[in-house]
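The lines below spell out each chain.
Number of protein chains: 2
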Amino acid sequence: MTKTFIVSIGDELVKGEILNTNAQYIANSLVNMGFNISAILNLPDDYKQLVFNLRSLLSQKGVFIITGGLGGTRDDITRKALGEVFKKDLVLDKFADRELENWYRSKGREYTDSDRMQARVPEGGILLKNRVGLAYGIYIEINESHIFCLPGVPHEMKSMFDNDVVPMLRQKNLHDERYKCEILYFGDIAEYVLDKKINGIVSRYNGISYGTRASNGIIRVRFESFNGNLESCVNEVKEKLSGNYLYSGFRDISEVVGEILTGEKFTLSTAESCTAGYLAKRITDIPGSSSYFVGGVVAYSNIIKEQILGVSAETLKRYGAVSEQTAWEMASGALNIFDSTFSIAVTGIAGPAGGSKEKP
Amino acid sequence: MTKTFIVSIGDELVKGEILNTNAQYIANSLVNMGFNISAILNLPDDYKQLVFNLRSLLSQKGVFIITGGLGGTRDDITRKALGEVFKKDLVLDKFADRELENWYRSKGREYTDSDRMQARVPEGGILLKNRVGLAYGIYIEINESHIFCLPGVPHEMKSMFDNDVVPMLRQKNLHDERYKCEILYFGDIAEYVLDKKINGIVSRYNGISYGTRASNGIIRVRFESFNGNLESCVNEVKEKLSGNYLYSGFRDISEVVGEILTGEKFTLSTAESCTAGYLAKRITDIPGSSSYFVGGVVAYSNIIKEQILGVSAETLKRYGAVSEQTAWEMASGALNIFDSTFSIAVTGIAGPAGGSKEKP
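For the record, the sequence lines run as chains A and B.
Here this note's numbering is used: position 256 in the first sequence is 256, and no number is missing along the way.
Here this note's numbering is used: position 352 in the second sequence is 1352, and no number is missing along the way.
All the given hints hold, so there is nothing to weed out.
No farther apart than 30 Å at their CA atoms in a straight line, the calculated lysine-lysine pairs in the DSSO-like style are these:
1. 80/A x 172/A
2. 80/A x 1197/B
3. 107/A x 1238/B
4. 1061/B x 80/A
5. 196/A x 1158/B
6. 80/A x 1003/B
7. 3/A x 129/A
Simulated from the structure, these hints should not be mistaken for lab results.
All chains, please: the whole structure from these sequences, using the hints.
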């Protein structure tokens, strides 16, 4: 199988200033095309180190998706490093050069030799158009490897990855169409017990692998296969573990709850204290939530809890703002305000304690 | 300077299922101790690939922080891979063995030979206690390199990193106390122009490096130095760019606004539609926000906008829910409800359009 590497260049990544969402986006897409990711690397904006690392990495054959280090002036190190590693001259693309010059002129900016670097590509490679920004990408096929360089700015990277890289990978038949994947969710069982049971079933099939991941009491199991009978295997797992099996698919548990609310024409509202809108935000992040979520109140102070949500001063005094009693009254308040079927209230200091109340 | 590598092991990382927050946490801490991160690597849960990658990586000298692959049974590949790379036997630590056995017994679980693997350490290494979980960590000094292996579960990793790794790095004097860092924020200037101006100043000093990052019109510049006169350089930058200089320190612009609100005893409320509590959540994420943020309303539907926030039906009909007029009336509504000095209203479909209204 083709080895695949994702390389992200940027000091902001290696210094931990930002999370590498670019690599996550690329990895997700590639995995679903049947690519097997061998490694994700974050490297600093340092020319010498980059040449050293790329030389060692590119001695392997495979698909390389490199992001970052393509911008103007000081940061434009990816282009040069590739040229040095492969001992290729950087050739000026005249079309790109003219486009860049026009852009700089239109902004009233000087177009210098270092700006012109952006229109250069290692000999034998081609430039990739940037539909939403300035820096061109690069594609080069060399020593049986396919190397793509994309901008580091996330929306520019995504545009170029979706519009150029994915179609080119498919056209060159580098992806694996046989790849199949199925996600099942389980509850009310310890991860190690579930793992043992699934292992017992999967080991009797050929060419099927799986991995488990537990979060908030729900265990997500990913089954993958290139040439095995995934369907039979997954059906057997569902059947033998039917007492713990919850649902399947690329859906979060929240989406499943949302489907039930929508199906029953139920509505939902929220009343939050410490979480301050985070719950409402998470609910509206769920696709289709606008059909059942009517609204929420963030009551950060006790006065607002009393005035808006109608929590009694007595309750707040006796049990405190962080109490089950207050949560119940907050939920009741939200039910009244929004006239919803259900309401969820959250109050707490560090970790949220919850209360939920059905409409009377 | 000591080369430093962060290696995170886990299929969930290379497949893009989760973001690598562990590496970010470690990188941040190490950078502030004066370490220079050479690379962050995410590697899959594959024993053969891990041995191959670690062998190539550990041929360099440096500090290696490895997370993940230490758990029970199927995933415990880091321990074995280290033993194989360094040709060291895995020695059983009797104390850890007894502790593990007691734990498994107390849970009524069988303590198998593969569970016992967790109490083994490559010869010459020591186990690191896990204060909040089961899997022991590892420290081994070999070939002038310092290798730390920590669990992949974030809170276990953090506990072990803070309690063991940081003190050991300091004690062994591997950090660089000369490291100094200063962050300045600038506004109302293009990044390339600012970069040119700062470059002109910094290039006249020795041993000072800097990097810029733009986000929402604010440019963050990080100045770093081990042996340069950072203070003079930064003061000169502040002085010469005083027209664009905003503030300094490890604070977000939101914290600076928060300090002004607190200082003036102003209060703030929110009214949100499409962002559904995200704005309120972001505000309450700001340290100290409870002293000025009083609360917010999430009005997802038009009916709620009318009934709770008092947006007129006329306005909604004439200008639509996504309009400046509606945003103004939402902000007015929130001002009335929460009796705050300021209110921010957000309404929109995809990107948020904002309105803000001072109290009359």
